[in-house]
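Number of protein chains: 2
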Amino acid sequence: MTEHTSRHYEQDLLVLKEKILLLGGKVEEMIASAMKSLLERRPDLARRVIDSDRAVDSAELEIDHLCLSLLALRQPAASDLRFIATALKIVTDLERIGDLAVNIAERSIELSEEPPLKPYIDIPRMASAASGMVGKALDAFVKRDPNLAREVLQADQAVDDLNVQLFRELLTYMIEEPKNVSRALRITFIAKYLERVADHGTNIAQMVIFMCEGRDVRHPGAQEGAGGGR
Amino acid sequence: MTEHTSRHYEQDLLVLKEKILLLGGKVEEMIASAMKSLLERRPDLARRVIDSDRAVDSAELEIDHLCLSLLALRQPAASDLRFIATALKIVTDLERIGDLAVNIAERSIELSEEPPLKPYIDIPRMASAASGMVGKALDAFVKRDPNLAREVLQADQAVDDLNVQLFRELLTYMIEEPKNVSRALRITFIAKYLERVADHGTNIAQMVIFMCEGRDVRHPGAQEGAGGGR
Numbered sequence: 005m006t007e008h009t010s011r012h013y014e015q016d017l018l019v020l021k022e023k024i025l026l027l028g029g030k031v032e033e034m035i036a037s038a039m040k041s042l043l044e045r046r047p048d049l050a051r052r053v054i055d056s057d058r059a060v061d062s063a064e065l066e067i068d069h070l071c072l073s074l075l076a077l078r079q080p081a082a083s084d085l086r087f088i089a090t091a092l093k094i095v096t097d098l099e100r101i102g103d104l105a106v107n108i109a110e111r112s113i114e115l116s117e118e119p120p121l122k123p124y125i126d127i128p129r130m131a132s133a134a135s136g137m138v139g140k141a142l143d144a145f146v147k148r149d150p151n152l153a154r155e156v157l158q159a160d161q162a163v164d165d166l167n168v169q170l171f172r173e174l175l176t177y178m179i180e181e182p183k184n185v186s187r188a189l190r191i192t193f194i195a196k197y198l199e200r201v202a203d204h205g206t207n208i209a210q211m212v213i214f215m216c217e218g219r220d221v222r223h224p225g226a227q228e229g230a231g232g233g234r
Numbered sequence: 005m006t007e008h009t010s011r012h013y014e015q016d017l018l019v020l021k022e023k024i025l026l027l028g029g030k031v032e033e034m035i036a037s038a039m040k041s042l043l044e045r046r047p048d049l050a051r052r053v054i055d056s057d058r059a060v061d062s063a064e065l066e067i068d069h070l071c072l073s074l075l076a077l078r079q080p081a082a083s084d085l086r087f088i089a090t091a092l093k094i095v096t097d098l099e100r101i102g103d104l105a106v107n108i109a110e111r112s113i114e115l116s117e118e119p120p121l122k123p124y125i126d127i128p129r130m131a132s133a134a135s136g137m138v139g140k141a142l143d144a145f146v147k148r149d150p151n152l153a154r155e156v157l158q159a160d161q162a163v164d165d166l167n168v169q170l171f172r173e174l175l176t177y178m179i180e181e182p183k184n185v186s187r188a189l190r191i192t193f194i195a196k197y198l199e200r201v202a203d204h205g206t207n208i209a210q211m212v213i214f215m216c217e218g219r220d221v222r223h224p225g226a227q228e229g230a231g232g233g234r
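From first to last, the protein sequence lines are chains G and U. Numbering-wise (the numbering used here), the first sequence opens with residue 5 and increments by one. Numbering-wise (the numbering used here), the second sequence opens with residue 5 and increments by one.
Just so you know, the hints here were simulated from the structure itself, not pulled from any lab data.
Pairs of lysine to any residue residues, derived as SDA-like cross-links and limited to a Cα-Cα distance of at most 25 Å, are as follows:
hint, chain 1, residue 1, chain 2, residue 2
1, G, Lys-93, U, Ala-76
2, G, Lys-196, U, Arg-187
3, G, Lys-196, U, Lys-196
Here chain U is said to cover these stretches of chain G; the calculated rule only asks that three of the stretch's residues, wherever they fall, bring their Cβ under 8 Å from a Cβ of chain U:
hint, stretch
4, 76 to 86
5, 92 to 105
6, 182 to 190
Glycine residues also receive a C-beta, built at the ideal position from the N, C-alpha and C atoms.
Use the sequences and the hints to build the structure in full.
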């Protein structure tokens with residue numbers, strides 16, 4: 005590789021990192037706007053989230069293209085190969101987080117058409133925790149920092165706990181009063197979407213640790229079997 | 005590339021296809037067993053599904069390794085490069101379908117501890133439709149057949165329709181009788197899991213069409229923006 009092409013290659017990797025961070029920022033913003041539309045009962049914001057899904061889809065395609073051309077033209081060495089393969093997987097997670105933001109926005113529009121059921125306390129907490137996990141996981145990815153990624157894994161339990169707590173509370177509402185059922189269900193769904201956002205954050209973090217260390221943190225215990233076959 | 009290494013390479017690609025089909029078969033089987041455990045109220049079967057998740061995780065790692073070594077050692081040409089990049093993404097979808105089978109199994113154990121709420125009619129239909137979509141999408145992948153993949157996209161609406169229909173029915177149960185709420189909710193969750201299995205099938209099919217045609221069926225309309233930037 006000449007110095008010239010090698011500089012190009014470094015440049016392409018930088019562009020890849022930037023594009024992934026940008027897309028990550030975009031979907032985090034969508035989650036935040038969807039939450040704002042829920043809390044402030046603003047369907048206009050929700051509709052903007054739904055519209056912005058197209059930009060996410062375009063960004064996903066662009067990143068896929070970039071990864072493929074890096075793989076085809078630059079024939080990257082082992083560690084960069086892992087980096088690019090991980091980017092290919094991560095971008096799918098980000099696109100699906102965008103879809104979940106759209107789902108939250110849709111439920112928020114429906115909820116804005118009925119009187120409020122209860123003040124939201126746990127849901128905004130879940131949203132910021134889940135969104136923070138995604139941001140930190142992406143940060144760990146571009147820095148190739150497995151320790152930062154590990155912090156994400158630790159945060160997942162808190163989101164799950166909030167979800168369980170909220171679920172119990174909403175169940176009580178539904179059992180006490182039939183006319184609460186449909187609203188409480190919608191809120192339950194939003195909590196589930198946020199739990200899935202957190203799961204995507206966890207998935208990304210696990211892939212980053214695997215990328216950095218080649219160690220299987222995605223599936224503790226599964227390693228023994230892996231690679232043994234063929 | 006000598007004839008010798010080229011034969012090796014073809015062989016590796018075949019192994020990759022086989023491993024993906026095997027993993028696909030495995031997760032389809034898990035969905036089927038989880039459904040059986042639900043319909044026949046057999047928590048023993050559900051526990052077997054939960055246990056088999058480890059084998060899925062091992063298979064995922066193996067396929068990832070194989071893809072990376074193909075990329076590193078064989079420097080595949082454009083169309084194979086796309087094939088391998090798609091394999092990397094598909095395997096993540098398959099692993100998550102395995103997780104959803106585990107979720108169904110968990111809810112089925114909980115439901116087996118309470119009296120039956122209602123006979124299951126739509127849920128088994130959803131399960132076989134969703135599972136069939138995944139199987140066909142994988143078939144389209146290994147055959148590199150975009151038309152077969154398109155058939156998968158058409159099937160998704162049927163699953164969504166069943167889900168909406170079931171959701172309305174369960175809502176009625178919940179509103180009519182508070183003591184139904186917790187069971188009806190669990191069934192609602194199972195329907196949601198199956199909807200997500202179908203979504204994974206759709207995602208795989210879209211990736212296959214994109215792989216074969218380079219055309220953006222994942223996100224109609226997003227193409228104009230894609231690749232324009234950098």
